[in-house]
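Trainee: Go ahead and model the full structure; you've got the sequences and the hints to work with.
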Amino acid sequence: MTAFVWLTVVTAIRILGRNRLRAGLTMLGIVIGVAAVIAMVSIGEGAKRAVQAQIATMGTNVIIMWPGATTASGVRGAQGSAVTLTVSDAVELKKRIPLLVDTGWAKRDVMQIINGNRNWNGTINGVSPSYLTIRDWSFTSGGPFTQADLDSAARVALIGQTVAENLFDLGEEPVGAVIRIKNVPFRVIGVLAPKGQSAQGSDQDDVVFIPFSTAERKVFGTSFIGSVGSLFASTDRTEDLPEAVEQIREVIRARHRLQGDQADDFTVRTQVDIAKVQEGTSQTLTIMLFAIASVSLLVGGIGIMNILLVSVTERTREIGVRMAVGAKHRHIVMQFLIEAMTLSLVGGIVGILLGIIGAKLTTVVAGWPTIISINVVTVAFFFSLVVGLCFGLYPANKAARLNPIEALRYE
Amino acid sequence: MSNAESSDQGTAMPPLIACDDIWKIYSIGDVKVEALRGLSLVINEGEFVAIMGSSGSGKSTLMNIIGCLDQPTSGHYRLNGVEVSQLRSDQLADIRNRQIGFVFQSFNLIPRTSALENAQLPLLYRGLSLKEQRGQAAAALGRVGLHGREHHYPTQLSGGQQQRVAIARALVTAPSILLADEPTGNLDTKSSQEIMGILEKLNRDEGITIILVTHESEIASYASREVVIKDGQVLDDRLTKAHPTVRAVEV
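Taken in sequence, the protein lines are chains A and B.
The first sequence begins at 1000 in the numbering used here and counts up one residue at a time.
The second sequence begins at 1340 in the numbering used here and counts up one residue at a time.
All clues given are correct.
Reference listing, derived: stretches of chain A covered by chain B, where coverage requires no fewer than 3 residues with Cβ under 8 Å from a Cβ of chain B:
1) 1311-1322
2) 1395-1408
Chain B side only, calculated, beta carbon under 7 Å to chain A, not exhaustive:
3) 1403
4) 1408
5) 1429
6) 1432
7) 1435
8) 1436
9) 1447
10) 1460
11) 1461
12) 1468
13) 1469
Only pairs whose alpha carbons sit at most 20 Å apart, straight line, appear in this in silico SDA-like list of lysine to any residue:
14) 1569/B <-> 1554/B
15) 1047/A <-> 1359/A
16) 1371/B <-> 1404/A
17) 1470/B <-> 1009/A
18) 1470/B <-> 1005/A
19) 1397/A <-> 1409/B
20) 1470/B <-> 1010/A
21) 1397/A <-> 1428/B
22) 1106/A <-> 1219/A
23) 1470/B <-> 1004/A
24) 1470/B <-> 1007/A
25) 1397/A <-> 1385/A
26) 1397/A <-> 1429/B
27) 1371/B <-> 1405/A
28) 1275/A <-> 1201/A
29) 1470/B <-> 1002/A
30) 1397/A <-> 1427/B
31) 1470/B <-> 1001/A
32) 1470/B <-> 1008/A
33) 1275/A <-> 1044/A
Just so you know, the hints here were simulated from the structure itself, not pulled from any lab data.
This one's a predicted model, so the numbers in the text were calculated from it and none came from an experiment.
Cβ coordinates follow ideal geometry from the N, Cα and C atoms, glycine included.
Mentor: Following this line, the structure appears as structure tokens:
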């Protein structure tokens, strides 16, 4: 049997080699389908990985809380416009919920920053020192401010790459320099390592961090001491995030004296939630890919079936001879199935190669990151095999059901 | 009738081919065509039989039934004592593969496939190793005088040579019967003589039973028995020369 299969495969390849143009045209459907899928999945995977990397820049296992919106005379303000979350909420959360490794807080505003004769408008963040660790900020020079700086409302600042580039010359050391924010002088004590775009597309490096207390008292000014723009917390393990979110809601609802039927006056989101939104987008893309792949594989399969039917007719006499010398039903079926599968498999392999080349070209030409996943290549390979099998079945059976006498007489 | 003499042997060993009251009726639309009408025929091992008859006499139908390509509508056909008229198509394929070699008028070689691979074809369906297949096919080509032409393609061979490849293909399975349907129909006189010489030699030296369909009496004269078919029945059946193999058995 193995000798039979081997010889049949060799024969199939030889027959395809003889009709190269015909075989090539037949395979085209499969080639295009497989190549499109491989290229698009590679681009999709690359994009997904990039998004994941962006989400990872948020820190690890981060939970973010925003205050709710204000309602003044029926007009609702933007999310976070209310002042319902406070520093004491953050302190209390850490005390009450052991799952939380740390909690931090931040308040932001866009303001002019001045260094000598240069100025720049950037986001000023008044933050707790813990915020910097939760968000995983690291430094290219200098270092973070401390609890002591927070307690004393020190005038120290950390600047992001974008701010550093706009306020300082290339090669000029920002650490030690004095910049002014709203005419208040701040000493730069650290330059932050770049994080790039956030998952929402904003520049995370266009940022200045100053101690929360300094911001509250000397820069922003506030009518409610202790109110924050957002709270941050983190857990040790990703699995703990949902549980931690539940506990946070309970604690804050209790602190805000919300009754059972009242809605939350704050919003809690985890990094995982944000990642899920992105995954939803890529799922839509995946479904579309499958639709395209199915259609092109179907078209490719029909092409194979068509050419096999032609082949069965052309080789009717040969089939008759094979039957006369003792080929059984299954031998004839296998011969044509192997031919169909050789066609679809060669098409699949060519498609895989073209797809990989296409993906690499996209990276080179458009600069998009692409990732070629072994899984997709394997699936494409077996799919093309299955297409050959399915669409070869009908012609193969047709061949095997020929009457040997009529087949031998066929002109 | 001469086959009375051969039938005597049947007591010890069943005859190789025993057709008994065979009918073959084709339905073409509403019309029924009786191709064979109660034909009976016995052929013993080692015979060289020429089956003659005009076209439409039913000789092709008879050949198809003897060759297990077709089955009778009614009647019995025993091959080596085995009733084959009721077997399934895969069992028939097996019998064709092991016991019967076919030689066709139009050679029926697989195009663009070497002589060796053509001769190898029946072994493909037997589960032999590639090496055995090639060895046996090369030996069969040697027996028909095509040594050294194993890798020639049909288009590179003359008609006579192509027919010899076909004979090698029929011989490669060591069949007990060789069915030759107008084997010289597409050949010139010289090639015809060559081919008939080979068949005669196979019958004489190796004792292979040969059944030859022809309408040329010159070709039929190579055989030792002539069976004439007409209207689906045996019209005449006679020995034309002393049969060496049959005689050897009798002694």
